[in-house]
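So the sequence lines, in the order shown, correspond to chains A and B. Residues 2 to 173 in this note's numbering are what the first sequence spells out, letter by letter. Residues 31 to 82 in this note's numbering are what the second sequence spells out, letter by letter.
Hint data in this document are derived by calculation from the structure and do not stem from the laboratory. No residue lacks a Cβ here, since even glycine has one placed at the ideal position from N, Cα and C. It is possible that some hints are incorrect.
What the hints assert, rightly or not - Calculated cross-link-like contacts (lysine-lysine; reagent style BS3-like; alpha-carbon spacing at most 27 Å):
hint	chain 1	residue 1	chain 2	residue 2
1	A	Lys20	B	Lys38
2	A	Lys148	A	Lys130
3	B	Lys33	A	Lys3
4	B	Lys59	A	Lys69
Unchecked claim - Chain A is nowhere near these chain B residues, computed Cβ spacing over 10 Å in every case:
hint	residue
5	Met31
6	Arg32
7	Leu35
8	Glu36
9	Ala46
10	Lys53
11	Ile55
Said to hold, decoys possible - The calculated label-pair distances, taken between Cβ atoms and stated as ranges, are:
hint	chain 1	residue 1	chain 2	residue 2	range
12	B	Leu56	A	Ser108	16 to 26 Å
13	A	Glu163	B	Arg39	47 to 57 Å
14	B	Arg39	A	Asn10	32 to 42 Å
15	A	Arg68	B	Ile55	17 to 27 Å
16	A	Glu75	B	Lys33	38 to 48 Å
17	B	Arg32	A	Gly74	20 to 30 Å
18	B	Val34	A	Val109	35 to 45 Å
19	B	Ala47	A	Val109	37 to 47 Å
20	B	Lys33	A	Gly16	26 to 36 Å
21	A	Met58	B	Val34	39 to 49 Å
22	A	Asp63	B	Lys38	43 to 53 Å
23	B	Lys38	A	Glu163	43 to 53 Å
24	A	Pro71	B	Lys59	41 to 51 Å
25	A	Gln59	B	Met31	17 to 27 Å
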Amino acid sequence: MKATLQVVNRMQADGVIAKYAIGGAVGATFYLEPSATLDIDIFVAFGSASGSLLLSMQPIYDYLTARKYPVEGEYIIIEGWQVQFLPPGDALGEEALAQAVETQVDSVPTWVMTAEHLVALALQLGRAKDFSRVLQFIEAGVLNTVKLDQILSRHELLAKWEQFGDRFLRKR
Amino acid sequence: MRKVLEGKRDTRRRLAALPFSQKLILLEKLRDRSLLIAASSLRRQQHRRQPA
C-alpha cells in the first residue's frame, strides 16, 4: 500500500491530479478495525496547467499506462493494489475531498476522508455493505455527531438517516 | 457468552486503535486471503467442468 500511495503522490507532484482523498473501505480502516477489501477508492480533484477543470480521467490512465501499470476494467493496478480513481461526483464528494485529513503511512503523506464524510457517502450510496459500515462507525464511537448532523443536513441526507435509524437502530 | 462478546469487542477496539500503517498491513493480508479463497473456488469450478 505504501508503494501505491507513493505513486499517487508522484502523480500529484507531476500535476496529473490535484488534491486526493482515500475513501471506501480503506478510508474507513483509518478509523475502524481493518476489514477485507480488494480495492482502494481514491477521490481526485483534477489539476491542469490552465487551471480549468478536466472532466476526463484520461490523463490519469495515460500517465499510469505509460509507466506500465495495467488497466483492468475500472481499476488500475498500482503496485499490486486495484485502484479506482473517482471524481467527487457531487457537492458532498467535493466537500469530503476538500476536508480530508492528512496522515502518514510509514512516513508517506496521504489524505483520508473524515469519518463523518465516509458515513454520509455510505448513507448516500445505500448498499448493504455501506449500511454495515455505518453501523461499524456508530459502534466504534468515532463519530462527531454534531459534525455528522451538519453534513447530513447540508446535503439533504437527514431523511435517509432517519430511515437508516428506523431500520437498524431503533428497537421495534 | 457475554465474555465471548466482550472479548470480540475488545479485539475490535484493539485493532481499531492500531496505527494506520499497521492496519494497512493487516488489510493486505486480508486481501491476499480473499484472493486466495477466490482463486481456489475458481480452480474447483474448473476441475468440475473438466471431463473425467
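Cross-check of the supplied hints:
no. : hint                            : result
1   : A:Lys20 to B:Lys38              : violated (37 Å)
2   : A:Lys148 to A:Lys130            : holds (23 Å)
3   : B:Lys33 to A:Lys3               : violated (37 Å)
4   : B:Lys59 to A:Lys69              : holds (25 Å)
5   : Met31                           : holds (18 Å)
6   : Arg32                           : holds (17 Å)
7   : Leu35                           : holds (12 Å)
8   : Glu36                           : holds (14 Å)
9   : Ala46                           : violated (5 Å)
10  : Lys53                           : violated (5 Å)
11  : Ile55                           : violated (8 Å)
12  : B:Leu56 to A:Ser108: 16 to 26 Å : holds (19 Å)
13  : A:Glu163 to B:Arg39: 47 to 57 Å : violated (27 Å)
14  : B:Arg39 to A:Asn10: 32 to 42 Å  : holds (36 Å)
15  : A:Arg68 to B:Ile55: 17 to 27 Å  : holds (25 Å)
16  : A:Glu75 to B:Lys33: 38 to 48 Å  : holds (45 Å)
17  : B:Arg32 to A:Gly74: 20 to 30 Å  : violated (46 Å)
18  : B:Val34 to A:Val109: 35 to 45 Å : holds (38 Å)
19  : B:Ala47 to A:Val109: 37 to 47 Å : violated (21 Å)
20  : B:Lys33 to A:Gly16: 26 to 36 Å  : violated (56 Å)
21  : A:Met58 to B:Val34: 39 to 49 Å  : holds (47 Å)
22  : A:Asp63 to B:Lys38: 43 to 53 Å  : holds (47 Å)
23  : B:Lys38 to A:Glu163: 43 to 53 Å : violated (30 Å)
24  : A:Pro71 to B:Lys59: 41 to 51 Å  : violated (23 Å)
25  : A:Gln59 to B:Met31: 17 to 27 Å  : violated (56 Å)
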